[in-house]
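2 protein chains.
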Amino acid sequence: MFHVQESPAKVFATDAAGTRTELPALWLRERCQEPESLDGPTQQRLFNPHQLDADLALVAAEHLGGHWARLTFSDGHTGRYDLRHFADDFDQEDGLPTPRPWNSDIDFACITRDWEALSDHDAFREALETYLRHGVIILQNVPTDGARLVEVGETFGHVRSTNFGKYFEVCSRPESNDLAYRSVPLAPHTDNPYRDPVPGIQLLHCLTNETTGGLSTLVDSLAVAEQLREEDPEGYRLLATVPVRFRFIDDGVELIERRPMIHLDAMGKMDGVHYSPRLDYLPLMDEESTKAFHRARRRLGELFAHPDYEIQFPLGDGELMMFDNNRVLHGRTAYDPNEGFRHLQGCYIDRDGPTGHYRAIVKQARPHQATETTESVTAA
Amino acid sequence: MFHVQESPAKVFATDAAGTRTELPALWLRERCQEPESLDGPTQQRLFNPHQLDADLALVAAEHLGGHWARLTFSDGHTGRYDLRHFADDFDQEDGLPTPRPWNSDIDFACITRDWEALSDHDAFREALETYLRHGVIILQNVPTDGARLVEVGETFGHVRSTNFGKYFEVCSRPESNDLAYRSVPLAPHTDNPYRDPVPGIQLLHCLTNETTGGLSTLVDSLAVAEQLREEDPEGYRLLATVPVRFRFIDDGVELIERRPMIHLDAMGKMDGVHYSPRLDYLPLMDEESTKAFHRARRRLGELFAHPDYEIQFPLGDGELMMFDNNRVLHGRTAYDPNEGFRHLQGCYIDRDGPTGHYRAIVKQARPHQATETTESVTAA
Chain A
74 MFHVQESPAK VFATDAAGTR TELPALWLRE RCQEPESLDG PTQQRLFNPH QLDADLALVA
134 AEHLGGHWAR LTFSDGHTGR YDLRHFADDF DQEDGLPTPR PWNSDIDFAC ITRDWEALSD
194 HDAFREALET YLRHGVIILQ NVPTDGARLV EVGETFGHVR STNFGKYFEV CSRPESNDLA
254 YRSVPLAPHT DNPYRDPVPG IQLLHCLTNE TTGGLSTLVD SLAVAEQLRE EDPEGYRLLA
314 TVPVRFRFID DGVELIERRP MIHLDAMGKM DGVHYSPRLD YLPLMDEEST KAFHRARRRL
374 GELFAHPDYE IQFPLGDGEL MMFDNNRVLH GRTAYDPNEG FRHLQGCYID RDGPTGHYRA
434 IVKQARPHQA TETTESVTAA
Chain B
74 MFHVQESPAK VFATDAAGTR TELPALWLRE RCQEPESLDG PTQQRLFNPH QLDADLALVA
134 AEHLGGHWAR LTFSDGHTGR YDLRHFADDF DQEDGLPTPR PWNSDIDFAC ITRDWEALSD
194 HDAFREALET YLRHGVIILQ NVPTDGARLV EVGETFGHVR STNFGKYFEV CSRPESNDLA
254 YRSVPLAPHT DNPYRDPVPG IQLLHCLTNE TTGGLSTLVD SLAVAEQLRE EDPEGYRLLA
314 TVPVRFRFID DGVELIERRP MIHLDAMGKM DGVHYSPRLD YLPLMDEEST KAFHRARRRL
374 GELFAHPDYE IQFPLGDGEL MMFDNNRVLH GRTAYDPNEG FRHLQGCYID RDGPTGHYRA
434 IVKQARPHQA TETTESVTAA
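Line order of the protein sequences matches chains A and B. Per this note's numbering, the first sequence starts with residue 74, numbered consecutively. Per this note's numbering, the second sequence starts with residue 74, numbered consecutively.
Treat the hints with caution; some may be incorrect.
Capping the alpha-carbon separation at 16 Å, the derived lysine to aspartate or glutamate pairs in EDC-like fashion look like this [claimed, not checked]:
| hint | chain 1 | residue 1 | chain 2 | residue 2 |
| --- | --- | --- | --- | --- |
| 1 | B | LYS239 | A | GLU227 |
| 2 | B | LYS364 | A | ASP126 |
| 3 | B | LYS239 | B | GLU224 |
| 4 | B | LYS436 | A | ASP324 |
| 5 | A | LYS436 | B | ASP324 |
| 6 | B | LYS83 | A | GLU360 |
| 7 | B | LYS436 | B | GLU199 |
| 8 | A | LYS342 | A | ASP167 |
| 9 | A | LYS239 | B | GLU227 |
| 10 | B | LYS436 | A | ASP126 |
| 11 | A | LYS436 | B | ASP359 |
| 12 | B | LYS364 | A | GLU360 |
| 13 | B | LYS436 | B | ASP161 |
| 14 | A | LYS436 | A | ASP161 |
| 15 | A | LYS364 | B | GLU95 |
| 16 | A | LYS83 | B | ASP359 |
| 17 | A | LYS436 | A | ASP195 |
| 18 | B | LYS364 | A | ASP128 |
| 19 | A | LYS364 | B | ASP126 |
| 20 | B | LYS83 | A | ASP359 |
| 21 | B | LYS342 | B | GLU166 |
| 22 | B | LYS342 | B | ASP164 |
| 23 | A | LYS83 | B | GLU360 |
| 24 | A | LYS364 | B | ASP128 |
Hints in this document: simulated from the structure, not taken from any laboratory.
Next up, chain A with everything else stripped away, as it sits in the complex (with noise of 0.2 Å):
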């Protein structure tokens, strides 16, 4: 994947269809590897490469056999290359799994897990897999004697306090006063997209359900968005780009956010939306920009409780569903609280405590770098 040419000094990369792009000087001089400018155990920089001279050049490059190479600099730098470091920069998921989009035919037994089985190193690693691969995992037997949630979470990454605390309780009991109530069903949608930051990763964790509806809905807004995508590229455009101002009045706080309905992360790529029809505002546009808008939210809020995308399942006393909250819909079916108690407890963590686990995990799981990379000197 990595080339060094030794006359005129030039290192290029060349990517599986054989495009050869160089590599420039500045670049490969930040990312030189002696103990002196790169601390061992993490990876941080020993000097501040902003401070490097514009002009900065490459005046030799020596191939020292295998993936080792030695680059000098024109400011008088010079060092040696492990070439197997760039590959970093050229992983579009930056080591994680490639997210996997599903609709409602996925097999539940992929996404199910028991909470026990993963105090395994093994199998943690291979539910974090399943959970960046989702943006959903469902676990069984989380205890249900007091808050347990915090437990799953704290061990997924690190609990998010908000005003409910450092969890909230979703609760209803049966009474005998209000015979004809029923509680309302909860279409698909993310929580809270008038915070900054927007709650990244949500557990939601059954600890009793004696009613007979109150079914959890959950839906894949990576598969729904490529199909709004393929239907209407204009209405997705819009989407993605002219930002909704959602507001949230509370008690003590009034929290407004603008940001467009489907993200894009920073690489261009979509990765989840914000998505509540009670709190956001369609914004200022042409006539014919404001239809067009709407045709698609409404086409997206269609696709969101579509049999063909959305799960319904009960959610069983001890089972708990941690998913990415703006990757995958939730919601609930409508329920007669009167048939019996309902009891859920929900928390939030960040987004990152996943993927930085996973990438950690995975690293150890490698046969050891440094150990392989002497022998490679020695060989060459």
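The hints should help you fit chain B onto chain A, whose structure is shown.
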């Protein structure tokens, strides 16, 4: 600002320059204000406007006098509108004070307040406004007996735990066997650009500083970025659009995020930076763009540390500085730990704490709108 035309039925918004913009029917219909459509206290909708017909039209508009109108739509809905509510959509600041960029000429008194005085409601509102305008506030007389910064943080928002816990310690002690050691300076930076989400607001509380060095430094990226934009528009554009990879490796986690160094909000307004020269990786571009990008980031670093922009000051015992972690960069000058103890405590809160409180307090302070409203209707 809002004008109702009865035939043909149209509603217009007029800006300060006299430019009229027609408000589309869907935009108006979604903002209906009857109690059966909109919950008064929370201003939350009781219907899903995404399901409206995209070809909805305004069929009648009647000016009722004052700021009141009756609008009728092709779906049969008719409702009275208080036109003043539309102003929220045209408020670029969403109810917040306009940020006031500052340089090293800033009058210190204007960002310094007494912590104990903030128990007064008006003083608290005024402190929030100061913080929101400058991105920083310094509080004096915060007691040094224990982790009182958590109390300060909970007054302005919610303390956000990280792997350091609820707060972290920054301290050094004199050690007779290490006389030569000088604690290194920290150039201006923002914290944790490799996290998702990035910490929003940082609190740093000085419990004691017996050293003569170790001055705290702060610099406003709003002022600095504006100078860069004037000097080098193309470099500014590159820093604001091309994502940089940030990486941090710690015990058990490897965190990677890609984001541009200059951050634009959803409306395209610059509101902060991600700046940490030990942790970023130059993105792969052609040679020319690489040099242009590098020149711009180097200039940005020069300006951050320039005496025209950076302030240096001793943070005294019992003083606490609270600053927007992305708008205002922080650092410290070198110090000699052998001169005495230096002990600070730090924590993070979310960015929507101060903004959410400020909007609610300002709204409370307004003449009661419901009363006003009734009077206008009577008059009409």
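Going down the list of hints, with the structure as the test:
1. LYS239/B <-> GLU227/A: holds (13 Å)
2. LYS364/B <-> ASP126/A: holds (9 Å)
3. LYS239/B <-> GLU224/B: Judged against 16 Å, a Cα distance of about 11 Å means the pair holds.
4. LYS436/B <-> ASP324/A: holds (12 Å)
5. LYS436/A <-> ASP324/B: holds (12 Å)
6. LYS83/B <-> GLU360/A: holds (12 Å)
7. LYS436/B <-> GLU199/B: holds (14 Å)
8. LYS342/A <-> ASP167/A: holds (13 Å)
9. LYS239/A <-> GLU227/B: holds (13 Å)
10. LYS436/B <-> ASP126/A: Violated: LYS436/B and ASP126/A sit about 53 Å apart, past 16 Å.
11. LYS436/A <-> ASP359/B: violated (31 Å)
12. LYS364/B <-> GLU360/A: Between LYS364/B and GLU360/A the Cα gap is close to 44 Å, so the pair fails against 16 Å, i.e. violated.
13. LYS436/B <-> ASP161/B: Measuring from Cα to Cα gives roughly 12 Å; hence the hint holds.
14. LYS436/A <-> ASP161/A: Roughly 12 Å separates the two Cα atoms, so the pair holds.
15. LYS364/A <-> GLU95/B: Holds. LYS364/A to GLU95/B sits at ~14 Å (cutoff 16 Å).
16. LYS83/A <-> ASP359/B: Roughly 13 Å separates the two Cα atoms, so the pair holds.
17. LYS436/A <-> ASP195/A: holds (13 Å)
18. LYS364/B <-> ASP128/A: holds (7 Å)
19. LYS364/A <-> ASP126/B: Roughly 9 Å between the alpha carbons, so the hint for LYS364/A and ASP126/B holds.
20. LYS83/B <-> ASP359/A: holds (13 Å)
21. LYS342/B <-> GLU166/B: holds (11 Å)
22. LYS342/B <-> ASP164/B: holds (14 Å)
23. LYS83/A <-> GLU360/B: holds (12 Å)
24. LYS364/A <-> ASP128/B: This hinted pair holds, its Cα atoms lying about 7 Å apart.
Of the hints listed earlier, those the structure fails to meet are numbers 10, 11 and 12, in rising order.
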